[in-house]
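Using my numbering, read the sequence shown as starting at 1 and increasing by one per residue.
The set of hints was computed from the structure by calculation and includes no laboratory data. Predicted model, so just to flag it, every value in this text is computed and none were measured. Among these hints, one or two may not hold up.
[As the list claims (entries may be wrong)] Ranges between beta-carbon positions, derived for each pair:
| # | residue 1 | residue 2 | range |
| --- | --- | --- | --- |
| 1 | 306 | 57 | 39 to 45 Å |
| 2 | 25 | 231 | 20 to 26 Å |
| 3 | 427 | 57 | 47 to 53 Å |
| 4 | 86 | 14 | 50 to 56 Å |
Using N, Cα and C, we set each Cβ at its ideal position, and we do this for glycine too.
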Amino acid sequence: MTSTISSDWQDIAERLGSANRLTAGWRDADRPAILRVHAGRYGPMPALPRRADWLIGAVTEAGLTGRGGAGFPTGRKLRAVAEQRGEPVVVANGMESEPASGKDKALLARAPHLVLDGVVLAAAAVGASTAHLCLPRGRNRLIADLRHAVGERAHAGIDPVAIEVHELPHGYVASSETAVVNWLNGGDAKPTATPPRPYQKGVGKRPTLISNVETFAHVALIARFGPGWFRRAGAGGATGSMLVTIAGAVRAPGVYEVEAGTQIGLALDRGGLHGQARSVLVGGYFGSWHEIGQVGTLPLASGPLKSVGAAPGAGVLYALPPDACGVAETARVLGWLAGESANQCGPCMFGLPAIADDFAQLASGRPRGNLYDRLHRRLDVVSGRGACAHPDGAVRLARSALSAFAADVRAHASGRLCGPARRGRGDGPALPLPPSFGGSGRDSWR
């Protein structure tokens, strides 16, 4: 692998830091890097033959895992698609329906060609001649910029793969891989039952590689600089770098690039953690609440976090402001998640609204009946029974709140409010929530 890296790429690799890879040059401009600037920053895109098995091997050796939330090994995904019969399709998922995350939007807005390089290289590796880039409807500037970037590449004649940019409905579940594939096949942007999985029969019933846009950007780096270089960064069993959205009780909220496996406390310090913050949401709204003191020394990596029931998820670290009530914030998010349901199965149609109502009662300090026991029963009933991951994600968030805010939960359940809830928050609710999408009518799913 190293013999394929030119001296020019070697020089560039040495200039890029361990956590300044995807974000190289971001401070130089507040607009997308044009093709010429991108090539000067990273070097030319490697030329690959179709079915470039060496790239699949390099990605596997690098230890790259998906950066969209599931954390599945990318090399295994590439291999699974390449080994299927029929010509594959590649799909880059830039939907980023997680309200607490801004990393994918930031990456696409600053380094679109790095993502597109990865899409083209992955397509060559699995033998695809068609690729799709899926973006959320309504982000008009971003969509226009990506179409311009695709046009730049077409004019330069550098891509052997046709890339089409799509605008999808921006519901929370619309970003799941089966929902994206279903939409590309002419259906609603709703999750579908599996099997078959997209890698078996996806877009047009063809083998389909679908990955998050950040994952494709890392593929582009591995193709240029090799797996050994990629693994120079990383700790806690994780390799490479990753984008993290740090927000809440921090002085400088934003998107940061850190080494994968960076300790949570150190990552929060990058954003300037407020000294009085006590709790952090790890992974986003399908993630989990934890006391910072208990997880601060844990690496932001799947293996170590699994021991406390957490995962990096969408790369979100949200420090709860000290004047915000964690019970009330969780109740707001659960109510929103219930409204984001595709309404395709009982756990979403009935279970999530019931859980959200219980949490709303808990947050108000006016519970009806034996709320605590009822809530735990409902969480047990819903868990693992949904047609997609939506109910499980909501249950994970709810359970983590009951644990992380145990003292406040007991106070609310007994008819008393915790201190932050009694005092109120002058700035309004803390966690960001867009308007609910799910109740806006069937046509909106198209």
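Now the hints, each set against the structure:
The beta-carbon spacing between residue 306 and residue 57, approximately 27 Å, falls outside the hinted interval of 39 to 45 Å. Remark: the range hint 20 to 26 Å for residue 25 to residue 231 is upheld by a beta-carbon distance near 23 Å. For residue 427 and residue 57, the Cβ-Cβ distance of about 51 Å falls inside the hinted range of 47 to 53 Å, so the restraint holds. Range check, residue 86 to residue 14: Cβ separation about 41 Å, and the 50 to 56 Å hint is violated.
Hints 1, 4 from the earlier list are contradicted by this structure; the remaining hints agree with it.
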